[in-house]
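Asks: Now for the letters of each chain:
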Amino acid sequence: MLPDANLIYGDSPKCELDACLQHIFATYGNNKTNLLQILNEVQACAGHISTDAAAYIAARLDIPLARVKSVASFYSFLHLQPQGEYRVLFSDNITDRMLGSQDLMQRMCQQLWLQPGKVSEDGLLSINTTSCTGMCDQGPALLVNGKVITRLTLQRVQEIGQLIRNRTPLAAWPAEFFHVDDNVYRAGLVLGNTLTYGEVLRNSLQPGGVPIIDSIKQSGLRGRGGAGYPTGLKWEACRNAPGAEHYVVCNADEGEPGTFKDRVLLTRQADLVFEGMTLCALAVGARQGFLYLRGEYQYLFESLRAVLQCRRNANLLGRDILGQIGFDFDIEIHLGAGAYICGEESALIESLEGKRGVPRNRPPFPVTEGYLQQPTAVDNVETFCQAALALQMGAEKYRAIGTAKSSGSKLISVSGDCPRPGIYEYPFGVSVGEVLRDCGAVNTRAVQISGPSGVCIGESEFGRKLGFEDLPTAGAFMVFDDSRDMFEVARNFVHFFAHESCGFCTPCRVGTSMLKQTMDKIAAGHGTRYDLNEIEHLDQVLQSSSHCGLGRTACNPVLHTLKHFRPAYENKLKSLDFEPAFDLDGALARARQMTGRDDAGAHLKGDE
Amino acid sequence: MSDTFQLDGKEVAFESGQTVMQAALTAGHYIPHLCYHPEFKPHGSCKLCTVEVGGRTVASCTLPAEANLNVESNTGELNALRRTLIQMLFAEGNHFCPSCEKSGNCMLQALGYDLEVHTAGFRHMYPDRPLDASHPDILLDFNRCILCELCVRASAEVDGKNVFALAGRGSGKHLIVNAESGLLKDTNIALTDKAMQVCPVGVILPKRVGFTVPIGERRYDQRPISAQALDDAPRPPSGARHE
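Top to bottom, those sequences are chains A and B.
The first sequence maps to residues -17 to 590 in the working numbering.
The second sequence maps to residues 3 to 245 in the working numbering.
Honestly, the hints are just simulated from the structure, not real lab data.
In this text the structure is predicted, and so the values were computed from the model without any measurement.
Each hint should be verified, as a subset may be incorrect.
Computed list of chain A residues with no C-beta within reach of chain B, every gap over 10 Å [said to hold, decoys possible]:
{"hint": "1", "residue": "PHE56"}
{"hint": "2", "residue": "GLY308"}
{"hint": "3", "residue": "ALA377"}
{"hint": "4", "residue": "LYS379"}
{"hint": "5", "residue": "GLY493"}
{"hint": "6", "residue": "VAL523"}
Ranges of calculated distance between the beta carbons of each label pair, as one might list FRET restraints [as the list claims (entries may be wrong)]:
{"hint": "7", "chain 1": "B", "residue 1": "GLY56", "chain 2": "A", "residue 2": "ARG250", "range": "41 to 49 Å"}
{"hint": "8", "chain 1": "B", "residue 1": "HIS120", "chain 2": "A", "residue 2": "ARG402", "range": "50 to 58 Å"}
{"hint": "9", "chain 1": "B", "residue 1": "GLY56", "chain 2": "A", "residue 2": "GLN92", "range": "54 to 62 Å"}
{"hint": "10", "chain 1": "A", "residue 1": "ALA169", "chain 2": "B", "residue 2": "VAL160", "range": "57 to 65 Å"}
{"hint": "11", "chain 1": "B", "residue 1": "PRO40", "chain 2": "A", "residue 2": "ARG133", "range": "53 to 61 Å"}
{"hint": "12", "chain 1": "A", "residue 1": "ARG572", "chain 2": "B", "residue 2": "ARG221", "range": "37 to 45 Å"}
{"hint": "13", "chain 1": "B", "residue 1": "SER183", "chain 2": "A", "residue 2": "ALA573", "range": "28 to 36 Å"}
{"hint": "14", "chain 1": "B", "residue 1": "PRO40", "chain 2": "A", "residue 2": "ARG572", "range": "45 to 53 Å"}
{"hint": "15", "chain 1": "B", "residue 1": "GLY56", "chain 2": "A", "residue 2": "GLU518", "range": "48 to 56 Å"}
Backbone N, C-alpha and C define an ideal beta-carbon position, used for all residues, glycine too.
Could you put together the complete structure from these sequences and hints?
Replies: This is the structure in structure tokens:
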């Protein structure tokens, strides 16, 4: 990363951008796979990617200009048009909203005389929303020029407004704004480990030890990203796949709203993550690894890089690791740029290759044709931690933790209506009710397990257990008490999916937008039974024909809340069977805005 | 002896490496499709060719053919799904057939007729997609783009020019051209390019020839698309195969 790149802005002299580009290419070379990394740097340096900059990048990488624009326009944090010197993005997860983020954003817009989504006329700033920033335990949160600010209050928002007005450089903003707490309330196997780094690796290199893959297979370890694929089988398939190179990729694109465990693992246990990756490399025969870090966690980049350097210095990375001749492995960090879909492993690989994050057709799977079409093992941050610990403890001991089909522990990211939101590590098999008790939640109406793409459960199901047998989870655990309107929760998630659809396939690209329209229609008081049927119809289409999991699960929040909290929907319906989607009075909104009128005469009669 | 799979109860022979769609078309069986083109590697974005295999629904153009697969395509349920997908594509863009010069040669329109899409089904989105009429010989009408990427693929793989690309994400996804000005006139496209020939709808149009063939006498005015798609499929020339 460039030192304090945020201090240089879009309207800076061209020579500054030139210097910046020189520096970037000195770092990344003319390698096409670095396109996204290069674009990230230009964005940070210049505030947007101008046509000149894009053309220069295209020429240097020997790719069409259209491809540079195509890639840049895929990612939310990259801009081809100026977005202001200060780009403010309010995190828009339901947990942020429950803490008042919408009101705070409106107050900031009023203070700075600005409409959301627009750039101020003096080019000073823009204010908009972004998908969950992974700060649900200390929200509401926002990003300003990519830097995260937590625990927003009205006072803090007004201070930020003042700093922007005064054009105070970000580096001079109060440090406590940017403070991120770990909020670990319950540590276990992973968060309480007392390993010396390099220990597991050293043991694995001893002659006569149990081979890594066998041991992982026997431990019963399954992926912690949600799908729960057996890790040992994945590594074995990767090792056995023919290829000139093998790769190890750590998926740190933690984008599922309500999930923030990887944030804490990368803060506290970075060494353990890298140790797990190195063990995987040893097992599958990889020489290169990547950590794909979501753009929202950019603030962790430098510390992670420092950990990698320490490991290189200790010969835990690099050539002939720990003296083992021929065991060469190193890890590069790639930054995402605001695209939830890149959490899908094949989309992540596309993004690593410097492309649009569009999920690939499968088969072939990444274990046979992944990064640059070579065998690639992609695993979640937590999975690598668990793998290292399973190897250290031995398969039998590890298997004894958790349940029969879900061995080991799981980090749960608790947020929402409870006094102690944060990270809780439990052995698999813990009940929802137990987690609720530990975090102090009372009057709980519902819990959203594993984020919007997971399941929403009501009180009658709080006895269910977290684990692959019952409730598989990537870690999100959002609590809603009886003051919450579950329809609004589902509507927030539907907006999220529409915003994050990659747009590749018809059903998801169009269907998620249609679903959003229908939910908004109901919210506006124009919904009828017809619309509920329409939702079920869209669900069938999305589930049966979407290209990837995003589309296939996009209806889940609606279906689950409809199942448990149908009155929340029905209360909003008109009694009619059908009401046109076209809102006649709504169509006059622009005319009202232009004439500055909002009196009764400016509305159609008879519209409630 | 080559392997076979079942398609709607009929035996279909395939060669290794073929997908279900490729094998089906080669053998003379039609599966509705839009983004699939026999001369290009299938990529499976329109999802119109979705079929059911062992209880799973999957795009047939990218599904590798395997011996003894039991594929269902021509079912009421799947055709209803296809109808909805066509409605979605119509609602997403600005498709006004009566004034479109591609009418009668348009695959989207032809599929709409063939699959009996009688209603709009969805609220139309009316996106704002300005035309690009900058090129002296070629018009781009983005209103009709269904994002099938065929022009992108043709320009890159056949013409070696990369004139087209897709930009944006989700419902904001759109077609762009490879020029600093963003205008077609500043690209190296030529009327003879493959990219000029593959658009299934009316986005990429040569100027001044729009109505040379009158409406009513065009390709899909003659026979429905299901009866014609097989004409485009690669087939072994008759008698060329020696047993």
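Asks: Of all the hints given earlier, name the ones this structure violates by number, lowest first.
Replies: Hint check: 1, 5, 6, 15 fail, others pass.
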